[in-house]
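Numbering (my numbering), first residue to last: 920 to 1225.
Incorrect hints may appear among the rest.
Have a look at the derived ranges for each label pair, beta carbon to beta carbon [stated by the list, open to error]:
# : residue 1 : residue 2 : range
1 : E921      : Q1113     : 25 to 31 Å
2 : E937      : E997      : 23 to 29 Å
3 : E1183     : E1133     : 23 to 29 Å
Just so you know, the hints here were simulated from the structure itself, not pulled from any lab data. Given the structure is predicted, the values throughout are model-derived calculations rather than measurements. Just so you know, even glycine gets a beta-carbon here, dropped at the ideal spot from N, CA and C.
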Amino acid sequence: MEPYRKYFSSDQLAYLEESQPNFGVNILNVGHNIHPGKLKYPDPHHPNLYCFDWSKGRILEEYQLIYIAKGSGTFESEQVGSVVVHPGTVLLLFPNIWHRYKPHDDEGWEEYWVGFNGSYASYLMQQDCFDPHAPLIHMGFNSEFINVFIRLIDTLKFEGVAFAQLSSSLTTQLLGLVYASALQKEKVMDRKEQVINNIRYKIHENLSNCATLEELASQHNVSYAWFRKTFKEVVGVSPGQYQLNLKLEKAARMIRETQMSISEIAFVNGFVSEHHFSKIFKKKMGVSPSAYKHQNQSSQNNSQKI
920 MEPYRKYFSS
930 DQLAYLEESQ
940 PNFGVNILNV
950 GHNIHPGKLK
960 YPDPHHPNLY
970 CFDWSKGRIL
980 EEYQLIYIAK
990 GSGTFESEQV
1000 GSVVVHPGTV
1010 LLLFPNIWHR
1020 YKPHDDEGWE
1030 EYWVGFNGSY
1040 ASYLMQQDCF
1050 DPHAPLIHMG
1060 FNSEFINVFI
1070 RLIDTLKFEG
1080 VAFAQLSSSL
1090 TTQLLGLVYA
1100 SALQKEKVMD
1110 RKEQVINNIR
1120 YKIHENLSNC
1130 ATLEELASQH
1140 NVSYAWFRKT
1150 FKEVVGVSPG
1160 QYQLNLKLEK
1170 AARMIRETQM
1180 SISEIAFVNG
1190 FVSEHHFSKI
1200 FKKKMGVSPS
1210 AYKHQNQSSQ
1220 NNSQKI
């Protein structure tokens, strides 16, 4: 997945508040970034409000949920001392609380984040497991969590129908998944699960580019035969079917939520042609992409009339 960031201005937020209900969860910013090692963090492409020097730290007036997908680093806040951040960790930032965090210089990290506020957001963040004194929650690899984050970013990137409501709902879903993870005892995985979950993450990350499953297996120092057999054993479907299902789910969302043409959606999701995409989509969904688009447009028009 390519790096992306979006920050809403005060004027944009005011317009959205007037034009689209947000269910008490206002999305202020969202992003995904891969920060290389040995470079100043955060990078200078963020608005001034969000940049900080390590010596001074930072205070925000919003909540933020930050997921460290890869890499490790250090986190420190007013309530907790310096703690190590491991891959698969969620950092929760609370309003008006001093904090600072950064990746280790020798490896950098990959991060997803969403900043938000609102009445319902405040209610959710007051639940027992969301505590400023324990702001790190280990999620590990969670395909549902990553899928929701990717969908949130795509929703704000393409700004389709009712994107403000949908992004609020997706952020609430992210918090629900973090809440559930915090309540569960951390599962100790064997090496097989660790390798397969690492490759599953790479499949999610590489949906739109040309990386093959054979290349992903090689990158993790396992044979393709072992990978294919073990993947199906752990996940329940073959890696090829898993990858195809993700592509079709993303394509269906884009048909529903954007104004892109079928050929553009086929290209973005790595299908060799519109015809090839349409054939596979119909086999999976029972209708062609064009018919699926028409059905959803009709449903949206009918709901607007009610």
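Now for the hints, and whether the structure bears them out:
1. E921 with Q1113: 25 to 31 Å: holds, 26 Å
2. E937 with E997: 23 to 29 Å: At 35 Å between Cβs, range violated.
3. E1183 with E1133: 23 to 29 Å: For E1133 against E1183, whose Cβ atoms are near 28 Å apart, the range 23 to 29 Å holds.
Hint 2 from the earlier list is the only one contradicted by this structure; the remaining hints agree with it.
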